Amino acid sequence: MNKADLVKRMAEISGTTKANAEKLLDAFMQAVEEAISKGDKVVLVGFGTFQVVKRAARSGRNPRTGEPLKIPAKKVVKFAPGKKLEDAAK
4 MNKADLVKRM
14 AEISGTTKAN
24 AEKLLDAFMQ
34 AVEEAISKGD
44 KVVLVGFGTF
54 QVVKRAARSG
64 RNPRTGEPLK
74 IPAKKVVKFA
84 PGKKLEDAAK
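In this note's numbering, each residue carries its 1-based index in the sequence shown increased by 3.
To be clear, the hints were calculated from the coordinates, so they are not data collected in a lab. These numbers come from a predicted model, not from an experiment. Any given hint could turn out to be false.
Stated by the list, open to error - SDA-like, lysine to any residue: derived pairs with alpha carbons at most 20 Å apart: (1) 81 - 24; (2) 81 - 33; (3) 57 - 45; (4) 44 - 21; (5) 87 - 57; (6) 93 - 83; (7) 21 - 33; (8) 78 - 93.
Just need the whole structure built from these sequences, with the hints factored in.
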């Protein structure tokens, strides 16, 4: 499902227009992005949690040459699904 499909489905479920559903989806994504950029986590009970985690520096290998290299530490966004979402996938 891509963004257009999601917007269409959201409009069908909520009984609103596609334009309004797209505005709401964009607002949701912006709100999550702002919270994550501040270091906050976003918890949607039953759906899941978005949070920033630190990934430690580690060593790896160049797959082409086999040469060892250092992979620097960085922050990444992690999504942990909630129970309701996990159950829906079963």
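Hints, one by one, checked against the model:
| no. | hint | verdict |
| --- | --- | --- |
| 1 | 81 - 24 | violated (25 Å) |
| 2 | 81 - 33 | holds (17 Å) |
| 3 | 57 - 45 | holds (16 Å) |
| 4 | 44 - 21 | violated (29 Å) |
| 5 | 87 - 57 | violated (27 Å) |
| 6 | 93 - 83 | holds (16 Å) |
| 7 | 21 - 33 | holds (18 Å) |
| 8 | 78 - 93 | violated (31 Å) |
Figure legend: structure checked against the earlier numbered hints; hints not met, in rising order: 1, 4, 5, 8.
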